Structure formats: structure tokens, C-alpha cells
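S.K.: Sequence:
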Amino acid sequence: MGSIRDAALRVTSVLESLGIAYALGGSYASSVHGVARATQDLDIIAAISSAHVPRFVAALEHDCYVEAEMIRNALTEGRSFNVIDFATGFKIDIFPVNAHQLGLQQIRRRRLAESSVLGQPPATLPVISAEDTLLVKLRWYRDGGQASERQWNDVRNIAVVQGDRLDLEYLDEWSRELGVHDLLAALLAETKKGGVPDHHA
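Per the numbering used here, residue 1 is the first one in the sequence shown, and the count goes up by one each step.
Note that these hints are calculated values from the structure, not bench results.
On a predicted model such as this, the values are computed, not experimentally measured, just so you know.
Don't take every hint at face value.
[Claimed, not checked] Estimated spans, in silico, between C-beta atoms of each pair: (1) 122 x 147: 32 to 40 Å; (2) 189 x 150: 15 to 23 Å; (3) 19 x 181: 31 to 39 Å; (4) 3 x 140: 23 to 31 Å; (5) 55 x 182: 39 to 47 Å.
Ideal placement from N, C-alpha and C gives every residue a C-beta, glycine not left out.
Please construct the entire structure, taking both the sequences and the accompanying hints into account.
M.R.: Dropping the structure here:
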């Protein structure tokens with residue numbers, strides 16, 4: 001029986017072997033930059049193209065549910081597709097760079113980070129920046145009707161933990177581009193009032 005860590009490393013090692021630039025986002029990134037929490041899936045932003053599809057599928061099809069046609073359709077339509085590990089049922093959502101306005105920025109601004117979020121021993125993988133994690137999660141929060149307490153806890157924890165290290169100029173520019181500048185302003189105002197990381201999110 002494999003582990004979530006094994007499933008994630010299986011997919012990321014294939015991306016690396018094919019020379020596909022990628023970075024981990026979602027709750028993995030918010031755990032790295034804020035407060036760690038368990039995750040039931042994994043989000044990856046990847047510079048994958050149609051030319052990569054045959055080798056990508058061939059490398060994973062014996063261990064994972066992965067469909068070439070589904071991937072090609074996702075690439076054409078600018079949306080995510082998923083890979084499901086047979087041994088664990090763990091789902092990995094892969095977002096092509098054209099699936100989000102910040103796609104290329106997330107790849108360019110990624111950095112290597114060591115984390116045990118996926119299990120022990122810790123894995124060192126590329127992760128999107130704290131700023132990009134905030135922006136993407138604020139957009140998800142808005143798209144979800146601003147009702148997800150978990151998403152807001154994630155961004156609040158990142159803002160508190162990162163503090164003065166955040167690039168506010170970058171956040172200001174891209175929050176306006178993504179239509180979440182008001183949410184960013186509310187977040188920064190809330191955390192400046194002495195908010196503390198929520199370890200129970």
C-alpha cells in the first residue's frame with residue numbers, strides 16, 4: 001500500500017523527467033507559507049503542452065488513472081485535469097499554465113521548500129510563492145461566494161506568518177488584476193490588528 005507522499009513524488013518525478021516546469025500550490029503551498037494542515041489532494045501548476053501528453057500518460061498509466069484525451073481537452077480549454085493514484089486514491093489536480101492569469105508568474109516565482117505535509121521523510125519540492133498563494137486563494141474565496149472559512153483561514157495564516165516579508169507592491173498590482181484588491185485590503189487590515197495563526201483550520 002503506497003502513501004500520499006509516494007503518489008505525489010511519482011507524479012512530480014515524471015514531470016521532472018520530461019523537463020516540465022512545475023510548482024505545488026493549493027493547501028500544500030499555504031501549509032508551507034502559513035500553518036500546516038492535512039490535505040486530501042494536491043494542486044500542481046505545470047508548463048505542460050500537448051507534445052508532452054503521450055510520454056506523460058505512458059509513464060503514469062500503470063500506477064494512476066490518467067487519460068490522454070482528457071488532458072488534451074483540458075489544455076485546449078485552459079482548465080485543470082486530474083491524475084488519481086490507484087494505490088491510495090489520492091487525487092492530483094494539474095493546472096496548465098494557461099488555466100490561470102497567474103500561471104506563468106507562479107512558475108517563474110516558485111522556490112524549493114522542504115516540507116513534511118505529505119508525510120515523512122520531508123520532501124523538497126518547488127512551491128509557488130507566498131504572494132501567489134495568497135492571490136490564488138483570494139480568487140478561489142471570491143469565486144466560492146466568500147463562504148469558505150478554510151480558505152480565509154489559509155490566507156490569514158499566510159499573512160500573519162509571512163508578515164513584512166510579503167511583497168506588497170506585487171500583491172497590490174496583481175490583486176487589482178484578479179479583482180480581489182478589496183479582499184486583500186480586508187485581509188491586511190485584519191492581520192495588522194494582531195491576528196494569530198489558526199492552528200485548527
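S.K.: Looking back at the hints listed earlier, which ones does the structure fail to meet?
M.R.: none
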